Amino acid sequence: LPALNARALELAMLAGHAMSCELPETAKFDRKNYFYPDLPKGYQISQFDLPVCGKGFLDVHAEDDKAPRKDIRIGITRAHLEEDAAKNQHAPDGTSTLVDYNRGGTPLLEIVTEPDFRHPAEAKAFLQELRALMRTIGVSDADMEKGQMRCDANISLMPLDEDGTFAQDHFNPKVEVKNLNSFKAVERALYYEIDRQTDLYETNTPPVQSTRGWDEHRGVTTEQRTKEGSADYRYFPEPDLPPVDLKEVREAMKSKLPELPQAKRIRFRDEYGFSEGDAAFLIANDGWADYAEHVMSELAGWLGAMEKGKSGGEAMEEQQKKLAKLVGGWLTSKLAGILMTEMERTIKEVNVTAENFAEFIKILHQGEINSSNAQKLLKLMIEKGADPSHLMEEHNLGQNMDESELKEIVQRLIDENPKQVEQFKSGNEKILMWFVGGAMKATEGRANPEKVKALAAELMK
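Using our numbering, the letters of the sequence shown map in sequence onto residues 12 to 472.
Hints are not guaranteed to be accurate.
Unchecked claim - For each label pair, taking beta carbons as the anchor points, the in silico distance ranges come out as:
id, residue 1, residue 2, range
1, Q220, R114, 25 to 35 Å
2, S344, P250, 54 to 64 Å
3, R236, D174, 18 to 28 Å
4, P217, K98, 44 to 54 Å
Said to hold, decoys possible - Capping the alpha-carbon separation at 30 Å, the derived lysine-lysine pairs in DSSO-like fashion look like this:
id, residue 1, residue 2
5, K430, K387
6, K157, K359
7, K387, K333
8, K345, K462
9, K98, K189
10, K441, K336
These are computed hints drawn from the structure, not numbers from a lab. Source: prediction; values computed, not measured. Every residue, glycine too, gets a C-beta built ideally from N, C-alpha and C.
Just need the whole structure built from these sequences, with the hints factored in.
Shown next as structure tokens:
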């Protein structure tokens with residue numbers, strides 16, 4: 012006989028709290044009857060009228076410029092537990108179908124949303140927010156490419172009045188699109204369906220309610236079957252599973268709810284000074300937010316010690332903003348680029364400790380290394396796992412040249428380039444950057460650009 016997975020119920024309750032859902036005192040399970048190869052027993056254990064989670068919502072910020080609304084609230088209709096079905100793998104030539112039953116019978120939480128989306132970019136933003144939420148609360152890694160998070164998109168078109176409001180009070184037939192295994196696929200499939208359904212309405216052959224599959228290679232949806240209604244599934248109470256009392260688990264999981272992504276983004280912006288984009292990236296990608304917090308904690312201790320005895324909190328606040336900008340940029344652009352693109356590794360797998368990365372940021376902040384050599388240093392840190400100060404010294408990457416040696420190099424550049432000297436004396440101060448470039452080349456990046464500029468200006472007076 013089937014048995015309810017207790018941990019699945021706990022995680023469903025946790026997800027319900029995170030989505031501000033109404034959580035009932037009792038839930039029950041039902042049989043959903045249909046014949047398809049992915050369910051050899053002919054029915055699925057699901058929930059019909061008493062799901063584990065009722066109405067709720069998720070607030071979403073859409074970064075995409077194409078999104079007509081930036082801050083939107085997407086209603087949650089319900090979330091219910093059910094057993095997963097097998098995975099069908101259709102042969103490209105359509106002659107056969109392989110059925111993988113390995114995931115069959117495992118717990119699945121299906122979240123149903125209200126028809127609150129107005130644009131494909133909003134749907135994509137919602138899925139990104141949902142992924143961040145599920146990762147934050149520990150319900151799932153929610154990786155669409157691995158099948159840990161799946162999406163079926165329902166779409167129907169409605170005419171608009173001139174003022175942009177809906178011209179009718181009822182929905183037209185909807186089309187459900189399946190086989191969507193990435194955020195990009197969801198967005199592309201919705202754009203395609205908008206165009207396809209628009210063409211159907213314009214030729215007076217409106218779409219009928221149906222299920223279609225997304226063909227990633229061709230960039231089109233293909234018809235699978237005419238969509239059934241709930242009556243076609245002949246739901247009835249699951250005789251092998253009794254109703255479940257949720258009161259105890261509901262209260263227990265409420266106390267385990269961590270800081271949610273939206274609140275964390277605001278805190279990262281207000282407390283640390285991260286930009287909206289950097290905060291969004293750090294929180295959306297598993298492990299990066301914790302790593303960033305450890306880095307900022309290390310830097311706060313260093314900054315506090317450095318500023319001790321100095322007057323004026325404003326100066327310290329300004330320094331913290333500069334540090335946050337450095338941390339955000341080097342984490343989300345440089346380190347993430349190396350790990351995700353070049354090495355295909357996660358932040359949890361890298362052997363650069365938060366302490367060493369904080370020291371790396373301090374070196375940058377104090378002007379001991381230029382940006383080009385800093386990138387070389389970061390790669391050495393990833394490769395060797397050593398602290399940046401020793402690596403910088405060992406590989407001679409720092410901007411620690413003797414001033415007399417630097418002065419000699421700048422003087423040689425001045426002597427050998429009278430044309431550039433004349434431009435400076437004619438009032439073109441931008442030419443100083445030419446001397447900086449020459450000095451950086453001559454010293455293989457070890458010269459301090461600001462010192463070069465000051466020396467060049469002084470020697471050309």
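Tested hints:
1. Between Q220 and R114 the Cβ separation comes to about 28 Å, which falls inside the hinted range of 25 to 35 Å.
2. Between S344 and P250 the CB atoms are about 57 Å apart, so this pair conforms to the stated range of 54 to 64 Å.
3. A beta carbon spacing of about 38 Å between R236 and D174 contradicts the range 18 to 28 Å that was offered as a hint.
4. Between P217 and K98 the Cβ separation comes to about 33 Å, which falls outside the hinted range of 44 to 54 Å.
5. A threshold of 30 Å between alpha carbons decides the hint, and for K430 with K387 the separation of about 34 Å lies outside it, so the pair is violated.
6. About 18 Å separates the Cα atoms of K157 and K359, which keeps this hinted pair within 30 Å; it holds.
7. Taking the CA atoms of K387 and K333, the gap is near 22 Å; set against the 30 Å cutoff, the hint holds.
8. For the hint linking K345 to K462, the alpha-carbon distance of about 26 Å falls within 30 Å, and the restraint holds.
9. The straight-line distance between the Cα atoms of K98 and K189 is roughly 12 Å, inside the 30 Å bound, and the hint therefore holds.
10. Annotation: proposed proximity of K441 to K336 holds, straight-line Cα distance about 26 Å (limit 30 Å).
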